[in-house]
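Protein chains in written order, with our numbering: chain R, 1 to 315; chain X, 1001 to 1439.
Take the hints with a grain of salt, since some may be wrong.
Computed footprint of chain X on chain R, listed as stretches where at least three residues anywhere in the stretch have a Cβ under 8 Å from a Cβ of chain X [as the list claims (entries may be wrong)]: (1) 58–66; (2) 138–151; (3) 274–280; (4) 287–297.
To spell it out: a stretch of chain X is covered by chain R in this simulated footprint if at least three of its residues, at any positions, have a beta carbon under 8 Å from a beta carbon of chain R; those stretches are [said to hold, decoys possible]: (5) 1067–1074; (6) 1127–1137; (7) 1201–1211; (8) 1250–1264.
Don't read these hints as lab results, they were simulated from the structure.
The C-beta atom is built at its ideal place from N, Cα and C for all residues, glycine as well.
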Amino acid sequence: MLKLLVNKLALKTPRGVSKHVRGLSDKKLAWLFVSPTIILLLAINIFPLLWTIYLSFTNYRVNRPNRDVKWIDLRNYERILSDSDIWQTMQATAHFLVSTLVIQVLIGFTLAFLINKKFKGNDLLTTLIVLPMMLSPAVVGNFWTFLYQPQIGLFNYAISFFSGVDASSFSMIGDVHLAPWAIVIVDTWMWTPFVMLICLAGLRSIPDSIYEAAECDRASQWRQFWTITIPMVLPFLMLAVLFRGIENFKMFDLVVQLTGGGPGSLTTLSSIDLKREAFEKWKTGYSSAYAVILFVTVFGLASIYVKALNKVKDR
Amino acid sequence: MNVKTGVKVIAGAVMAGAIQTAVADDLTLCWASWDPANALVELSKDFEAESGHKMSFEFVPWPNFADRMLNELNSGGGLCDLMIGDSQWIGGAAENGHYIKLNDFFAKEGIDMGDFIPATVTGYSEWPKGTPNYWALPAFGDVVGWTYRKDWFERPELRKEYKAKYGRDLDVPNNLDELKDIAQFFQKRKIDGKTVYGAAIYTERGSEGITMGVTNALYNYGFEYSNPAKPYDLKGFVNSKEAAAGLEYYKELYDTATPPGSSNWYMGENIDAYKSGQVALQMNFAFIWPGVEADPNVGGGKSGYFPNPPGPGGHFAQLGGQGISVVAASDKREAALEYIKWFAQKKVQDKWWKAGGYSALRAVVEDPGFVSSQPYAKTFLDSMAIVKDFWAEPAYADLLLPMQERIHDYVIAGKGTAQQALDGLVKDWTEVLQDEGKL
Chain R
1 MLKLLVNKLA
11 LKTPRGVSKH
21 VRGLSDKKLA
31 WLFVSPTIIL
41 LLAINIFPLL
51 WTIYLSFTNY
61 RVNRPNRDVK
71 WIDLRNYERI
81 LSDSDIWQTM
91 QATAHFLVST
101 LVIQVLIGFT
111 LAFLINKKFK
121 GNDLLTTLIV
131 LPMMLSPAVV
141 GNFWTFLYQP
151 QIGLFNYAIS
161 FFSGVDASSF
171 SMIGDVHLAP
181 WAIVIVDTWM
191 WTPFVMLICL
201 AGLRSIPDSI
211 YEAAECDRAS
221 QWRQFWTITI
231 PMVLPFLMLA
241 VLFRGIENFK
251 MFDLVVQLTG
261 GGPGSLTTLS
271 SIDLKREAFE
281 KWKTGYSSAY
291 AVILFVTVFG
301 LASIYVKALN
311 KVKDR
Chain X
1001 MNVKTGVKVI
1011 AGAVMAGAIQ
1021 TAVADDLTLC
1031 WASWDPANAL
1041 VELSKDFEAE
1051 SGHKMSFEFV
1061 PWPNFADRML
1071 NELNSGGGLC
1081 DLMIGDSQWI
1091 GGAAENGHYI
1101 KLNDFFAKEG
1111 IDMGDFIPAT
1121 VTGYSEWPKG
1131 TPNYWALPAF
1141 GDVVGWTYRK
1151 DWFERPELRK
1161 EYKAKYGRDL
1171 DVPNNLDELK
1181 DIAQFFQKRK
1191 IDGKTVYGAA
1201 IYTERGSEGI
1211 TMGVTNALYN
1221 YGFEYSNPAK
1231 PYDLKGFVNS
1241 KEAAAGLEYY
1251 KELYDTATPP
1261 GSSNWYMGEN
1271 IDAYKSGQVA
1281 LQMNFAFIWP
1291 GVEADPNVGG
1301 GKSGYFPNPP
1311 GPGGHFAQLG
1321 GQGISVVAAS
1331 DKREAALEYI
1341 KWFAQKKVQD
1351 KWWKAGGYSA
1361 LRAVVEDPGF
1371 VSSQPYAKTF
1381 LDSMAIVKDF
1391 WAEPAYADLL
1401 LPMQERIHDY
1411 VIAGKGTAQQ
1421 ALDGLVKDWT
1431 EVLQDEGKL
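With the rest of the complex left out, here is chain R (with noise of 0.2 Å):
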C-alpha cells in the first residue's frame, strides 16, 4: 500500500525535479533533509544568542525607543561583576543550588532503593511519590503558601503538634532564618520523585548476576552496596544532579509564588534578579550581559561536570 502511494507520488513529480534529486549525491541530500532544522535552530537559538551578546555591550534599553544605543565596551560586565547585591544573588542561588541537590540526592536515592525491592503495593507507591512533580510549580508554590500560613497553615500546625511550639510563633516565608529553607523543602517535596525515578532505572539496570557472583564470593551486604550498587548507580545519580542542577539555576516561578525574592532579598535567586533587571526595569543591554554571565556560568559548569560523568561512565 505504501510502496504504491510513493510509486504514486515518484509519477507525480515534475520531470525537471526527479532529474534533479536524482543528481544529488547522499551527502547532499543529507543536507537537504537537516536544513529546515539547522535553519529553524539558528533562527531561534543562535541567533538570539548572538543578538544577546551584542547587545551586553551596549546601553540599549528597550523602553527607551527614542534613545542612542551607544556601544559601551565591558562597562554591563564591569558594573555586575562589581556589583555587590548580584554577588548576593549569586550566593542565594548557590545555597538554593547546593542544599537541594544534596538533600534531594539522597532522600531520592534512598526512595529509589527501599521501591525497588519487591514488595506489595509497591506500583501504587512509586505512584504516589511522583505526584508532586506531575503539578505545576506555580500551584504548588500557591498552595505552600497556604501551608506555610502562621495562623491556618498545615506546616506549621503539624510543627506545632510534634514540638509543641506555638504555630503563630514563626512564619516559614517572613522569617530571614526560616526563608531560604521553605523553598528548599518545598523544591525537594516536588523534585526528589525525579531524582528517585532516575535512580530507580540505574537499579534496575544492574544485572542480577553481578550480585549472585559477589554472594558466591560471599560478599557482604554492606560491600556490595559499595562495590556494585554505587559504581553502577553512579553515572545515573550524575544525570540527575546534572539535570536538577540545570534547571535549579534557573528557578523562578516557585520562588516568586512563594516569596517574591523576600524577605528582603534573600530569596531572589540569580533568574529573579535577571527578571526584575529586564522587564522591570526594562535595562536591555546590562540585562543581556547579566544573561551572558548566567550562561556561560550554567555552560561552564555544565561542560566540566559532563567531562567528569563521561570519565565515570567509562570507568
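Following the hints, position chain X against chain R.
Chain X in isolation, oriented as in the chain R frame:
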C-alpha cells in the same frame, strides 16, 4: 404616513444603520483586574448603546498589571486602544510616545481639567508635572486610607481598658503614634474567643506594595523625594533624619502590631485578613471600601474609615488611582477619543460613583449630597486633599525597584539600620537619575 413617506423613512433608517455600521469599532480597554473594572464593564454598556461601538476588555491582576501592560506599550502592540494606566507611568508613556496628547481634543470638546480634583489632574494627567500638558483624563481617584473595626472600637470593656492604658478614648487616631498604640493594643488580643492582631499593612516585595505602604509613614515624618528648590537633589531629603525616623516607625509597626506571616502582603491579603476578622485595622487603597461596606462580616456599619493620620513632619497620604489614555499604537483613535468624551460627562461620572468607581469630577464629589452618599465618601474626599505620589519619571520602575528592595531589606528582613537603608536608596536613585541624564 403614505407609502412614499414610509419608503423614505425606511431608506433613511437603513442608511443611518449603514453609516453607524461603517464607523462602528471594536475598542479594547486595558486595566487591572479588580472590582472597579467590573463596574466599568457595566457602565460601558451605555457607551455601546449610544455609540454603536463594541467594547472589549483586557484586565490583568494587579501583581502582573505593570509588567504586562508596560510590555504591551513598549512593544508598540495593538492590543489596547484605551489604557487606564497607573499614575507613575505617565512620564514614560508621554516621553516615549505611548499615549497621545489630549490637549487639542480637550479644547475641541470643551473638557476642562479645572473640572477635576486638582490632585488627580497632577497625578494622572500631567507630564511634565505642573504643566498644562495632558496625556490622560482622570478616571479613578484612589488614595491609601485606613479601615477599622468600629464594632470592636465601640466595645465598652475594650474602651475602658484602652483609656486606662493610654489615657485617651479608643477612637480614630489623631496621629501616627496613636495609630501604632491602637494597633499594638489589639495585637494578639482575644476577641470572641479568637486571637486577633493589630493592623494589616503593605509589605509586598515583588511589585510596589511595601513602597505604597511605607510612604504613608515617610511623608508624614518629613521625607521628600528631592530638594523642593532644586529638583533631583536627593541627599538630605530622601535620607534625612526625619525620613529615617519615619522608616523606623514603619518597622516598629510591622514588628509589633501585624499578623505573623504578613511579610509579603498587599491589597488582596489585607482585604482577606480584615474581612476574616484577623485584624482591627487595615491599610488599603480606597477602592476596597465599597466591598467592605457590602461584606456580611465587616460591612453594614461594623467598619469605619479614616485618612492616613498626620505625623511630626506633615499630613500626607499615598496617591493611587489612574487616568484613562488613548494608546498611540491604536488604529481606532477616533472611537477611543469618543469613549473619553462620553466618560467625562457629569451624568456618566455620577453613575460611575454609584457603581463603585471613584469619580474625580469635582461636580460629583463637591455635590452637597456626596459626603452623605456613602459612609466612606468623606474619608475619600479628605484623603484626596492630602495626596502625594511616587516618582512619575520615565524611569519610575528603575526608581521603584531599589526602593522595594531597600525598604523590604530593612523593615522585613531587619538588615542594617533605617539610615543605611535610605542612604543606600539615595545611592541607587542617584545612579538611575545619572543614567537618565537628570543629574
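> Which numbered hints does this structure break?
Replying inline: 4 and 6
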